[in-house]
Amino acid sequence: MESLTLITLSVITAATPLLFAATGELVTEKSGVLNLGVEGMMIMGAVTGFGVGVITGNPFVGVLAGTAAGAAMAGLFAFLTLGLLANQVATGLALTIFGIGLSALVGKGFVGVTVNAMQRIEIPILTDIPVLGPILFGQDPLVYFSFILLGATAFVIRKTRVGLILRAVGDNHDAAHAIGYSVVLVRSLAVLFGGACCGLAGAYLSLVYTPLWAENMTAGRGWIALALVVFATWRPGRLILGAYLFGGITILQLHAQGAGWGVPSQIMSMLPYIATIVVLVVISGDKAKIRLNAPAALGKIFHPAR
Amino acid sequence: MIRLQTRGEASRVMALTAPLIAVTLTVVTGAILFEALGKPAGPTLHAYFIQPLSTRFGLSELLVKATPLVLIGIGLSIGFRANVWNIGAEGQLTLGAITGGALALAFYEVDSPLLLPGMLIAGTLGGMAWAAIPAYLRIRFNANEILVSLMLTYVAGLFLSYLVSGPLRDPDGFNFPESRLFHDAATLPTLMQGLRAHWGAVIALFAVIAAWVFLSRTILGFQLKVLGDAPRAASFAGYREPRLVWFSLLLGGGLAGLAGVIEVSGAVGQLNPSISPGYGFTAIIVAFLGRLHPLGVLIGGLMMALTYIGGENAQIAIGLPVSVTGVFQGVLLFYVLACDLLIHYRIKIGRPVGVKA
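Protein chains in written order, with the numbering used here: chain A, 1 to 306; chain B, 1001 to 1357.
These are calculated hints, taken from the structure and not from any lab test. Where a beta carbon is used, it is the ideal one built from N, C-alpha and C, also for glycine. Possibly wrong hints are sitting among the right ones.
[As the list claims (entries may be wrong)] Here are the computed lysine-lysine pairs in the DSS-like style, where the Cα-Cα straight-line distance is at most 30 Å:
#	chain 1	residue 1	chain 2	residue 2
1	A	287	B	1225
2	B	1039	A	108
3	A	300	B	1225
4	A	159	A	289
5	A	159	A	287
6	A	300	B	1348
7	A	300	A	287
8	A	300	A	159
9	A	289	A	300
[Claimed, not checked] Between beta-carbon pairs, the in silico distance windows are:
#	chain 1	residue 1	chain 2	residue 2	range
10	A	185	B	1028	28 to 36 Å
11	B	1058	A	237	51 to 59 Å
12	A	241	B	1109	51 to 59 Å
13	A	120	B	1058	51 to 59 Å
14	B	1317	A	291	51 to 59 Å
15	B	1032	A	119	36 to 44 Å
16	A	300	B	1003	13 to 21 Å
17	A	120	B	1109	57 to 65 Å
18	B	1003	A	290	32 to 40 Å
19	A	58	B	1317	34 to 42 Å
20	A	291	B	1181	50 to 58 Å
21	A	301	B	1027	23 to 31 Å
22	B	1057	A	241	51 to 59 Å
Pulled out of the complex, with its shape left as it was, chain A reads as follows (with noise of 0.2 Å):
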């Protein structure tokens, strides 16, 4: 039982990055605009969140400034796209590479130092329930405002007024901006919410997974998080289900390394991607689904003739 406990509170921690990550995206995503470059937000969350957390010596810190670097990041995005109408797709590649490249240059007095890891809330009694009491009461806070930011999330999208506007303008930015929304504004706040989002799950990584800072660590979980929102087709609530799947995936695979099963590791390690394929594949199958509910202006353009 004790391992099982243990077993479960590593796939939280490998999921609550992915369901930061994913979150942001899909209100990106919601408006119209695919942001590419989840992974160079997620990198420069992760360098931010620990360089910060080194210097201040507090990881919540260091958590703030992760999440502004990576809105930050999203702003360069939106300036590129919605104001200066560059190509999304390839914008946001740019912004991964200039992100990896950035952050091994700001992180690189950082490799091998150690940090104040964000601690996990110990509740009396509550906590020493076997089990459930680490497992529900025991998590980091971040754990428990993933739950927060992704319930909010899928209240406002679908019971505001400002769910509504978000996803008008994301399904028809023409008509969006002939009632009078402003289309730019909108896609701009959407970006940097989604900006915001990825580099809190990077510092995630950095300041509690880990966590230590190494170049390069996000190893395509920005890319893993992207693929969520399609597995989710666009539904704020089965984000959850993509996000701790591929969180299980992640932990199985270095369990069995440990239990040495025999398979190489480089093998077992293909797993996580491998399973997004696979993922990819059984969900897009489903076209009038993806057409159903997918945003109908996804990565397309925006330039009013006046």
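Given the coordinates of chain A, work out where chain B should sit on it, guided by the hints.
Structure of chain B alone, referenced to chain A:
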């Protein structure tokens, strides 16, 4: 107030000037970055951009680095024209290196003039096979080729790492994760004695010319352009999208695989986990810098090769961190994309004529 006015048609002047503006802005940004890192801008820029071009050795290294970038860039630029986003060229390069390299190791004892051509073909087929996966999954299951090809890049990297630490490891290599060094029969001949530049550069140049002819003189090349520029027109004209997707991905994958086998056979001389410093990703920048035109890709490939060599040179001469290269490349792509605006839009200052505020 600043606003954008659509040009009736793309400006030819700007199509040529925009990349130059982007490069200039990148150099200026680089100078500011160097100063911020506490390195004098003048000497660092000299070490970065001028010094490598002033020696025979530097020019030879430029060709070595430009060869894979141009080869992959050509394939990607043709796919990008048709809006087929093959982002996994790095993985296709890796697979090409594996299949070609494995052939060299399988015939380790054989000294035959057929070995090298066989390797090149095997590498090309390896890259094509890897690219066929996203092509098939997009056509059959509508799966996004960006994500699939990218995921396969991680898989290919892990596969290579497994092979060189397992089945293909050098038996006399003290357990280092690398294969045996290829024999002469499996090594691309150099162009000049004592320098590393090899015949791969000639192959890359040939690919540029072939792509130029293909795009300007064949129906399929024309269809690719139409599919990218006007997908609705393409569908009315009855172009078959699946055929063009297959073609784009197989061409891109094949050229990336060819680049991979050329790299291990020409520059590296063995299989090891670090055969490529991200050529597959940098080639994306090359394709855009060259405005998806074969000649542009050639120039863009040489320029991006210079950022690699300049980065190494500045690291040795000035002690600049090598990761500056990645920053440079990212910044350059930002500027290239931003300057594209000038081709399709005019920037107007002041209120639109005839519209009241």
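*Determine which of the earlier numbered hints do not hold for this structure and return their numbers in increasing order.*
Result: no hint breaks.
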